[in-house]
Amino acid sequence: MAKKTYDLLFKLLLIGDSGVGKTCILFRFSDDAFSTTFISTIGIDFKIKTVELRGKKIKLQIWDTAGQERFHTITTSYYRGAMGIMLVYDITNEKTFENIVKWLRNIDEHANEDVEKMILGNKSDMEEKRVVSTEKGEAIAREHGIRFMETSAKANINIDRAFSELAEAILDKTHGKEPQDAADRVTVNIPRERNSNRCC
Amino acid sequence: MSTNITETTIETKKDAEGKNKTKIYCTFCPSKMLNAGTASLINMEFALPYIHSKGEGKGNQSEAILNYWLVEDMYTFENIGVSHTVGNIKYLACADCERGPVGWHDLSSKKSYIALCRVKHE
Ligand SMILES: Nc1nc2c(ncn2[C@@H]2O[C@H](COP(=O)(O)OP(=O)(O)OP(=O)(O)O)[C@@H](O)[C@H]2O)c(=O)[nH]1
Ligand SMILES: [Mg+2]
Ligand SMILES: [Zn+2]
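Just so you know, the protein sequences line up as chains V and D, in that order.
Note that our numbering gives residue 173 to position 173 of the first sequence, counting from 1, and the numbers run on in steps of one.
Note that our numbering gives residue 75 to position 75 of the second sequence, counting from 1, and the numbers run on in steps of one.
Hints in this document: simulated from the structure, not taken from any laboratory.
The beta carbon of each residue, even a glycine, is placed where N, CA and C say it ideally should be.
Incorrect hints may have been included.
To be verified - A short list of chain D residues far from chain V (calculated; beta carbon distances all over 12 Å): (1) GLY18; (2) PHE46; (3) GLN61; (4) SER62; (5) THR85; (6) CYS94; (7) GLU98.
Unchecked claim - Pair ranges (Cβ atoms, derived): (8) V:LYS57 - D:ALA16: 22 to 30 Å; (9) V:LYS136 - D:ALA47: 50 to 58 Å; (10) D:ALA47 - V:GLY43: 39 to 47 Å; (11) D:ASN88 - V:GLU94: 36 to 44 Å; (12) D:THR85 - V:GLU113: 38 to 46 Å; (13) V:GLU143 - D:PRO30: 35 to 43 Å; (14) V:GLY145 - D:ASN35: 34 to 42 Å; (15) D:LEU66 - V:LYS136: 53 to 61 Å; (16) D:ALA16 - V:THR134: 56 to 64 Å; (17) D:VAL86 - V:ARG70: 32 to 40 Å; (18) V:THR76 - D:ASN88: 23 to 31 Å; (19) D:TYR50 - V:THR134: 43 to 51 Å; (20) D:LEU70 - V:THR76: 13 to 21 Å; (21) V:GLY55 - D:ASP73: 19 to 27 Å.
Can you build the whole structure from these sequences, using the hints too?
In structure tokens:
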């Protein structure tokens, strides 16, 4: 019998218009220095990352999707089973921000009802080209009751933080039950421990 | 042509049950791929493309590799990057620096294989 080496598995999805930076968020070193490697040519479909949150070992499986219209049926098939969705726009491109509403509708139609969402305003390193203010990003997130963060895949700002926040939100939902418990970090994670690590 | 490790070096990397004695890391960065005792040594020949492709025209340069760590369940990996599908497999790479392939994943059997000579044991 195979031993289970983790407590929880969260499937996360990156979605948003073409060009907002989803692949760069997943693929760290996309700069030219490495663009000749075999892997960068084929591209990464998903990553498995292990994080520890409140004493639990959590595997994050993070999937990239294609933003282009013609791939939408494929993208939609990725929604099934996703527990968290990163909805990405580009702070230097108004259209990608406007389309957030469209993506949210898409999520409502195709994803699990209780999927945890987070909006990311990416390319925050390009302040001089910004057309979507931080306030506008915050406002739309508040309106839909979703978390929000500005990120830069290029400068590696807030990327890890965004994923841990999304993972924590899912953890709260699946194991905390009452969201207020989240403040109470020490006590939440005691129940429901499966000791499958220590088999036979 | 291959850069396979000698029998004696391999012996030191496995425990009594043929599992990896130490943790397994990326050779380029500190990213941990596997914990100790989570993969089994197997002998199988499979050609993996070189990490650095040699430019146009020589697209499918690969090297024959004979020694792999077999990982039954993909979620056993601590950190791993999984490529888009090529034929019936997906290539495996470092989850933090994307250097690879360090191994491959068989879509039909769902098993994964990590090349001993492309990772660090410590
Ligand atoms: N300045 C800056 N450029 C970025 C950032 N993230 C991505 N880019 C650039 O934006 C362009 C598009 O990035 P991708 O990651 O390919 O976009 P995508 O969302 O995956 O697009 P599709 O795959 O078509 O859906 C690339 O030229 C990146 O270099 C960022 O944080 N800052
Ligand atoms: Mg992309
Ligand atoms: Zn690495």
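Hint check against the structure, violated hint numbers in rising order:
Violated hints: 3, 4, 5, 6, 7, 10, 12, 17, 20; rest satisfied.
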